[in-house]
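Colleague: Sequence:
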Amino acid sequence: MNQFSLASQVNLHIKSSIFHVRIIDTAEGLGRSKLNIEATSPSSLPTTFQFRHSYSPIDQVILPTMSTGKFIKRPDSSVRDEKLKKLDKLIAAKDAENKALDNELKKIVVPQKVAEKRKELISKLTELREKQANFKGKRNTVFAQIKEIENQIRKNIAEIQKSSHKQFKTAQDVDNRVKELEDLIGTGELRILEERKYAKEISDLHKLRRDFGGVEKLQELVDNDKAQIESLKKSLDFGKELRDEYDAIQKELDEINAQNKTINEKRDVLYKQKKEIYAAKNELYGEARKARDDYEKEFQKFKNLMEQQKLEQAQMEERTQLNKQVAEIKKSIQAEQARKDSPAFAYEIDSIHSVISVLDPSYVKPQPISKPSVAIPWNTSNASSSLNKKRTINRQIGTPNGEVLHKPEETKDIKSSTAFKKTASRKANDKAFINPEVITRLADLKIAQPTSNEETSGTLESLKEKLAYFEENREAEAERIKQASEATLEKLNSELAELEAKLSALGPLTE
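For the record, in the sequence shown the residue sitting at position 8 is 8 according to UniProt numbering, with numbers rising by one throughout.
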């Protein structure tokens, strides 16, 4: 709300309650004016307030309240909005700085040809890295193959060494020795023992010559394996070629970077400044988030307090209503207990005696029956309690003819009043003068009032008949009233226990 205007509709926070108000009129114009405001809440009737208030402009009007709750102030969103507005300006300034740096970066650039050459070299280096990565996997496979072949070579060489003779390394050596021995034997110059010795040696050499056939096969395998190893090692030379090519390209790229060092340094400085701007913006965004979060927390707290107060107010209203119902039921129980303990027809009998004593001065009135503390209904069929309606008790008396008598508010000793003394002194007159109070009693007893002294005897007879009826039926009526009262009291006590249980369930009253 910025300001009030005549007949405007506004909401007022009246402490814990929100009232819908309507300005009825003003008296003194703008500034400080006397306003008549009609305020209505969902739980109350329209209420009119008159107060003086300076209302141009105002945020809220605090009026006296009939509620016991505390006023809960709504969080001020203007503080948050003002802070966010300042932060937005700072962020906009950082964006402007960042844009200026971007413009500077566009000006500080490497020549296009150099940039393209540099890009080309970087692309080649990337390809070489991929080839080296692939070759690395292939090289590991080659090394595994070489290791396996070398193991096989060592195994074959061991077999060769095991099968070979110390004196003869090859099969040709064996053949040469056999030929040499045969030539000696062929000369015929050897003695028989020498000839036999050489013949035996030739036989052994032939046997050794057969073993050398397997050795030659093993040697051939060894030679083939060695050749395969050499071939595999040559395939690894491709890795060296890749390294050499990579080093050459990297050297050329380094030369270009050295030529562009000044440009790169300037760009690095600008990028560093941009990074600082991004960090500062993040801090500002963090402050903005914190401002929003703080307000949301305060607003949530405000909502929780409003809900809590609303709940407490509802509980208080419920407690008040329950206490009111408990008081009404206790009052009804007290009245019903008094009715139960009161003598039957006490009011009727006392009224008859009082009227007779007025109409017949010679009549000696007996001691009055104790009056009940409250009016007691004669007809108890409708004597049950009602929790939502005011309990009204009328004195209704049954008569022999089914008539109903209504008891007035007060019972007085008619004969003792001054008016009745005057009435007694006038009984000598032909036309009877009857006090209004006597007329009321006769009307309650449903007996016609005498209009003359001659009719007094008939009235006395009617009174005596009713008196006899009441005295004769007093005990029966008392028993009937007792039974009806006990049933009513049982129902009232049950209702009272239920209400007290509800009160207990609400818990203690909080401050």
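Heads up, some of the hints might be wrong.
[Said to hold, decoys possible] Label-pair ranges, simulated between beta-carbon atoms:
#1 Ile149 - Ala199: 23 to 33 Å
#2 Glu265 - Ile149: 53 to 63 Å
#3 Lys331 - Glu296: 47 to 57 Å
#4 Gln112 - Glu245: 20 to 30 Å
#5 Glu479 - Gln308: 25 to 35 Å
#6 Ile122 - Lys240: 17 to 27 Å
#7 Gln321 - Lys86: 13 to 23 Å
FYI, nobody ran anything at the bench for these hints, they're computed from the structure. Note that the structure is predicted; figures quoted are calculated from it, not measured. Virtual Cβ for every residue (Gly too), placed ideally from N, Cα, C.
Colleague: So which of those numbered hints doesn't the model satisfy?
Modeller: Hint check: 1, 5 and 7 fail, others pass.
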